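Kindly generate the complete structure, drawing on both the sequences and the hints.
Below are the chains, spelled out letter by letter.
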Amino acid sequence: MEIFKIAGLAVLALGGVILLRAYRPEMALQLSLGTGVVLFAYALTEIGAVQQVIEGITGRYGLGSQQIKLIFKVFGMAYVAQFAAEACRDAGESAIASKVELVGRVMIVAAALPAVFSVLDLLSGLLGGV
Amino acid sequence: MEIEIVLKIAGIGMLVAVACQLLKQTGRDDIAMLAALMGLVIVLGMVLGEIGTLFEQVRRIFSLY
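Taken in sequence, the protein lines are chains A and B.
Going letter by letter, the first sequence gives residues 1 to 130 in this note's numbering.
Going letter by letter, the second sequence gives residues 1001 to 1065 in this note's numbering.
If you are wondering where the hints come from, they were derived from the structure by calculation, not from laboratory data.
Computed from a predicted model, the values in this text were never measured in an experiment.
A few of these clues could be false.
[Claimed, not checked] Listed next, the in silico SDA-like pairs over lysine to any residue satisfying Cα-Cα at most 20 Å (straight line):
| no. | chain 1 | residue 1 | chain 2 | residue 2 |
| --- | --- | --- | --- | --- |
| 1 | A | 5 | B | 1024 |
| 2 | B | 1008 | B | 1019 |
| 3 | B | 1008 | B | 1046 |
| 4 | A | 69 | A | 57 |
| 5 | A | 73 | B | 1064 |
| 6 | B | 1008 | A | 39 |
| 7 | A | 73 | B | 1061 |
| 8 | A | 73 | B | 1065 |
| 9 | A | 5 | B | 1002 |
| 10 | A | 99 | A | 87 |
| 11 | A | 69 | B | 1064 |
| 12 | B | 1008 | A | 73 |
| 13 | B | 1008 | A | 10 |
| 14 | A | 73 | A | 22 |
| 15 | A | 5 | B | 1003 |
| 16 | A | 73 | A | 114 |
| 17 | B | 1024 | B | 1037 |
| 18 | A | 5 | B | 1008 |
| 19 | A | 5 | B | 1001 |
| 20 | B | 1024 | A | 42 |
| 21 | A | 73 | A | 89 |
| 22 | A | 69 | A | 53 |
| 23 | B | 1008 | B | 1018 |
| 24 | B | 1008 | A | 40 |
| 25 | B | 1024 | A | 21 |
| 26 | A | 69 | B | 1065 |
| 27 | A | 73 | A | 42 |
| 28 | A | 73 | B | 1060 |
| 29 | A | 5 | A | 45 |
| 30 | B | 1008 | A | 17 |
| 31 | A | 69 | A | 87 |
| 32 | A | 73 | A | 106 |
| 33 | B | 1008 | A | 7 |
[Stated by the list, open to error] Estimated spans, in silico, between C-beta atoms of each pair:
| no. | chain 1 | residue 1 | chain 2 | residue 2 | range |
| --- | --- | --- | --- | --- | --- |
| 34 | A | 3 | B | 1019 | 33 to 39 Å |
| 35 | B | 1037 | A | 94 | 25 to 31 Å |
| 36 | B | 1065 | A | 91 | 44 to 50 Å |
Glycine is no exception: its CB is placed at the ideal position from the N, C-alpha and C atoms.
Set out below in structure tokens:
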């Protein structure tokens, strides 16, 4: 049922943005940013609930909680980078948007490197200490 | 789902737009410029506050310390 509220808010804000773009383009940007923040905050509450469930499961069965934490860290970085990049692209600054995305990717790769190395060590162990 | 922030920004935006048009018509372009600037500063302060709380929540939930 919440999805109707979200769609309604988006369309409401859309009307406001189109109206403001004619007179005050910078205000239209702020309005779209504010709407983006509200919708992302709502998505965050859902993601928080999912994360609690997943942590409960990994904790109970002793699965790789380290990997799960890394996945969520990467997800958070992508989440924030995408928020900023879309805001820049929406304002017409696709150059800045691509820079933000590039930095986001680099940081995600940097965060994921230890996991890759641990997998490689595991493999070399399996293959008999190559 | 607090849409109050969105309505507040839309209201301030429209108010500033009308004020600027009015001031432009009466020939006071500099005051119109100042009004637009003040409106932008106020709205930016609100939006940045909201973005700050959003990023703080992201940091807490995704443990991005």
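(request) Kindly indicate which numbered hints from before are broken by the structure, ordering the numbers from low to high. (result) 1, 12, 14, 20, 21, 31, 36
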